[in-house]
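Protein chains in written order, with UniProt numbering: chain A, 1 to 370; chain B, 1 to 370.
Keep in mind that the hints are not guaranteed to be accurate.
Identical copies carry no separate label here, and so any pair may be met within one copy or between two of them.
In silico SDA-like pairs for lysine to any residue, Cα to Cα no more than 25 Å straight-line [stated by the list, open to error]:
hint, residue 1, residue 2
1, Lys40, Pro3
2, Lys40, Gln6
3, Lys40, Val9
4, Lys40, Cys27
5, Lys40, Gly53
6, Lys40, Thr337
7, Lys40, Pro25
Read the hints as simulated data drawn from the structure, not as lab findings.
2 protein chains.
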Amino acid sequence: MRPAGQLDVRRHNSALLLAAVTANPGCSRAGLAAMTGLAKATVSSLVDHLVAGGLVAETGPVERTGRGRTGTGLALSATGPHGVGVAVGVDHVTACLVDPLGGVRARRVRSGDNRGRAPEQVLAVVTRVVRSLAGQGVPVGGVGVAVPGLVRGGVLLSAPNLDWSEVDIALDVGVPVTVANEANAAALAELRPDGPRDYVLVSGEVGVGAGIVRDGALLTGVHGFAGELGHLCVDPTGPRCGCGARGCLETYAGTAALPTRQAAANGDPEALSALESAGTRLGQALSGLVNLLDIPTIVLGGDHARLAPWLFGPLRAELARRVIGARWSPPTVVASTLGREAAALGVARAAVDHIRADPDSYLRGAGQAL
Amino acid sequence: MRPAGQLDVRRHNSALLLAAVTANPGCSRAGLAAMTGLAKATVSSLVDHLVAGGLVAETGPVERTGRGRTGTGLALSATGPHGVGVAVGVDHVTACLVDPLGGVRARRVRSGDNRGRAPEQVLAVVTRVVRSLAGQGVPVGGVGVAVPGLVRGGVLLSAPNLDWSEVDIALDVGVPVTVANEANAAALAELRPDGPRDYVLVSGEVGVGAGIVRDGALLTGVHGFAGELGHLCVDPTGPRCGCGARGCLETYAGTAALPTRQAAANGDPEALSALESAGTRLGQALSGLVNLLDIPTIVLGGDHARLAPWLFGPLRAELARRVIGARWSPPTVVASTLGREAAALGVARAAVDHIRADPDSYLRGAGQAL
DNA sequence: CAGTATTCGTTCAGTCGCTGAACTTAAATC
DNA sequence: GATTTAAGTTCAGCGACTGAACGAATACTG
Chain A
1 MRPAGQLDVR RHNSALLLAA VTANPGCSRA GLAAMTGLAK ATVSSLVDHL
51 VAGGLVAETG PVERTGRGRT GTGLALSATG PHGVGVAVGV DHVTACLVDP
101 LGGVRARRVR SGDNRGRAPE QVLAVVTRVV RSLAGQGVPV GGVGVAVPGL
151 VRGGVLLSAP NLDWSEVDIA LDVGVPVTVA NEANAAALAE LRPDGPRDYV
201 LVSGEVGVGA GIVRDGALLT GVHGFAGELG HLCVDPTGPR CGCGARGCLE
251 TYAGTAALPT RQAAANGDPE ALSALESAGT RLGQALSGLV NLLDIPTIVL
301 GGDHARLAPW LFGPLRAELA RRVIGARWSP PTVVASTLGR EAAALGVARA
351 AVDHIRADPD SYLRGAGQAL
Chain B
1 MRPAGQLDVR RHNSALLLAA VTANPGCSRA GLAAMTGLAK ATVSSLVDHL
51 VAGGLVAETG PVERTGRGRT GTGLALSATG PHGVGVAVGV DHVTACLVDP
101 LGGVRARRVR SGDNRGRAPE QVLAVVTRVV RSLAGQGVPV GGVGVAVPGL
151 VRGGVLLSAP NLDWSEVDIA LDVGVPVTVA NEANAAALAE LRPDGPRDYV
201 LVSGEVGVGA GIVRDGALLT GVHGFAGELG HLCVDPTGPR CGCGARGCLE
251 TYAGTAALPT RQAAANGDPE ALSALESAGT RLGQALSGLV NLLDIPTIVL
301 GGDHARLAPW LFGPLRAELA RRVIGARWSP PTVVASTLGR EAAALGVARA
351 AVDHIRADPD SYLRGAGQAL
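Whole structure, please, built from the sequences with the hints as guidance.
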């Protein structure tokens, strides 16, 4: 804990107002005062700062019924700090630029097999793509990089699918760079202002990862390794997994064990049987997760989203059978609609979260680089 | 989020100082200023309030080497608010009174089979025990009740081992009552100022529960159901469990599946084989937990603590085999030394946590009841 | 033993941020 | 055009922290 002073009060209230503006675009200063409980004078003072710093913009007079002076509409500034997100996959580098509202403003995709390629080489591509997106004429407040492996601090400790280890993801761009695991990044992409704030995203991309979101924040674990769902044991006598152990979920529900969507749609019996098995095993593993964490919403992403229609049945059956709290609040299972862009999108939004969380410091720092 | 004002600053800094005093008993005001970063004037003002409110006491001049005026030692007041904790078990009601430092000052145990007994009857016993402990002449700041079942809010939704359901744990005592799951309560008892702040307590009492502590706080889940380790599936073709599913950890590592300590010490082959199996299955389930949450310390409690010498081997072997992050930070497994009192102790300490977390509000409320 | 150096704790003016009330501005209604 | 209602601004006041100055207490020094 740090000592607190009046500056912290201002920080807190600035963030509070920015969040209120985000949630209620077009509202007036008076409306904000009513919503937040702050005095009108305080709102005026803080909003003026946010407007001066380019985070909030006045959108013109607000529509009202009845008499009285019309308020000035406020909304997130479209020219505020944008986020750049880059996802490094085994066969692609996908990037996007998101505006302050979280919408995608530009995209870049560089195809090519990164497996075994030198990290420096790939990071040079990443840097070029970031620079290209940052040159769009909008301010960039942060850059995020999603990688398929174990991340600690800004270092990718191990990425079996890329055959990388101990790679320091340090880009030479003038803004903060955040590094995240791919599943965690994809999980953050599902976090929407009006959506659930507690869920697990299951990300089927080569391995099986999970991003666990509790009250809008990622559960990262002590070292940042959390979410390794793929190596939950679902059958101690099962087949040997790449990790050395037996019966990991990945051997049943990883990409290698899944059929194509085409084969499933054709009703291929082998495909359907594989999906039945994958769904059941996923359900078994996720029941364990739900029993442990009491997080009642499951979002299927990646390959599992594409195959969701065939996975839902066995998955839900297994959840109903095994989740202890199901009687009081049955878990819900849905499929992500974000597609391949999820990881880049999530990490792009996360890259500017520090500004959302503490706009006052950002404004004081005046650190609009790039 | 709420709007913040100067009051919140004071709240925060009061809590900061109380925490510093707790961690450094006997320190002076000047020392606190150096530790916390607050100005001496602020420390004086806040400490005076804490002393006036009975939370902190001056312990006399502090020993110092070198010249200069000697400071006045400060420490948690031994006459500050105490906590009362009661654990309701299947065959006992165990209670204790803890002082502000967390030490046990008095105990009560009422033996007797609560299984199937009317909840009102048992709660009457609980109330009597609480009143008895509260009548010790020390102020009581909160009461906690630990129960073996699913808890939401102050309601025990379901306790299969007691055959209770939907019981509102509302005691007529003049202080706040907190209700917690037994495993969670036992987990909180392991939380010590100088100990780890991230761990999982596995509580083997009839069922198998877990209390997950992350950064000193319990992970309760969305509804408060988190920690149901006992029904993690460790073998989909295993024996049927009381919950209806197959292969739950509880059927391998629950009390019913464990031998007595005596049998194990005697080297009984059947007992040893049961322990080998229980240890392996525990390791399998806990590997999943560690992979999911990246919480690298496991504390065995209850029956598992008593049988720990026989469980450690297979448990650690399984963890080494299955935990993905083990290469960078191998999990550690230890046994709890708290014994049967753990749940009552943990919930007693938790019952006064609201005062620790916000002493200023407590003092303003002047709510020293009982 | 007196003087000095050093540290503890308090006092006080100063600053900063929030507040409530008064005031100004602006739009709708009569 | 007057009136009513609401938005936004101005301003004195308050509470909390700060830094410097001060008084108090102790140990060292000659």
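Here's how the hints hold up against the structure:
no.	hint	result
1	Lys40 with Pro3	between (28 Å within a copy, 12 Å between copies)
2	Lys40 with Gln6	both (18 Å within a copy, 17 Å between copies)
3	Lys40 with Val9	both (16 Å within a copy, 21 Å between copies)
4	Lys40 with Cys27	within (13 Å within a copy, 44 Å between copies)
5	Lys40 with Gly53	within (20 Å within a copy, 35 Å between copies)
6	Lys40 with Thr337	neither (41 Å within a copy, 56 Å between copies)
7	Lys40 with Pro25	within (18 Å within a copy, 45 Å between copies)
Hint 6 alone, counting from the list given before, is not met by this structure.
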